[in-house]
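Undergrad: Protein chains in written order, with my numbering: chain A, 4 to 116; chain B, 38 to 154.
No lab work stands behind these hints: they were computed from the structure. Bear in mind the structure is a predicted one, so any value in this text is a computation, not a measurement. Note that beta-carbon positions come from the ideal geometry of N, C-alpha and C, so glycine has one too. Hints are all accurate, no fakes.
Taking beta-carbon pairs under 8 Å as the criterion, some of the chain A residues facing chain B (in silico):
1) F106
2) K108
3) G109
Below, a sample of chain B positions facing chain A; criterion: calculated Cβ distance under 7 Å:
4) L80
5) E85
6) F145
Given next are the chains, with one letter for each unit.
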Amino acid sequence: SQKIEQNSEALNIQEGKTATLTCNYTNYSPAYLQWYRQDPGRGPVFLLLIRENEKEKRKERLKVTFDTTLKQSLFHITASQPADSATYLCAPHSGGGADGLTFGKGTHLIIQP
Amino acid sequence: KAGVTQTPRYLIKTRGQQVTLSCSPISGHRSVSWYQQTPGQGLQFLFEYFSETQRNKGNFPGRFSGRQFSNSRSEMNVSTLELGDSALYLCASSQTPRDSSYNSPLHFGNGTRLTVT
Chain A
4 SQKIEQNSEA LNIQEGKTAT LTCNYTNYSP AYLQWYRQDP GRGPVFLLLI RENEKEKRKE
64 RLKVTFDTTL KQSLFHITAS QPADSATYLC APHSGGGADG LTFGKGTHLI IQP
Chain B
38 KAGVTQTPRY LIKTRGQQVT LSCSPISGHR SVSWYQQTPG QGLQFLFEYF SETQRNKGNF
98 PGRFSGRQFS NSRSEMNVST LELGDSALYL CASSQTPRDS SYNSPLHFGN GTRLTVT
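Bound-form chain B, shown alone:
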């Protein structure tokens, strides 16, 4: 089975621009979660999608948004980029959503490294 695929691997943007990151989950996984990882804050939860619906959302401003398509692929968008948005953005898929009674582990992609200048 192919793993979680994230594109692009690296991205350099300028302050004020917007960016869209893409994630293809493992085949059969319907839950996709997004995380931001920085050296200072570690892994921080952005949001989770299951069956095209946002199930959970972390404590991030509205500039961060996402969506999920019918084939479970997901995209996240960051508008009006700030220098502090520079981070590794990780996508993870699982068979069930976080609020399910059966908690399957997360399978992460290798992330998109976003640099904002």
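Excised from the complex, chain A in its bound form:
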């Protein structure tokens, strides 16, 4: 069955450093992969979408990579700030078919001042 794995334990990073979050998937051939941020008590917010033919995508301090051979996406936040503390969710998708968008359980990121 399809499986999405994200770091289950909280990730503690010192302010100013680069935070790197991992999303691994199995039994998937995603055409694209999305990353979302979720704060406590709120709905997820879309951050970035990367397609299978794109190796890397950037948006301000965010960078996402997508390695279809390793079946992995990495999400980087450079120059991290305490305001970046949140849970980050990845969602690979095949790009078609009848399935809804499936999310990993997320990684809780804590940026310590």
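Given chain A, put chain B in place with the hints provided.
TA: Okay, now just chain B, sitting in the frame of chain A:
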């Protein structure tokens, strides 16, 4: 543009009762998806509606149902509530449905927190 609006924000119900949750999508968005979020299972897809038609359905029992109106607003209903239905129910809208070749991101509301006692 106003975001996705979900009402009510909090709800407490008793086992066996039924509940209806409401979602107003972003103006111009015709696709509405519903998700259940619990600490143990994470975000789980319930169903998606596009132009008043259910396009996709997740692996949930028939007690969970939904509908979409001509103005794209959507409601979901849970009948015969069980304790395990306690969760955050999230609605998300997008311009296109999931099975479209152009996959627009989901825009989530802040959810309805349902507690079943």
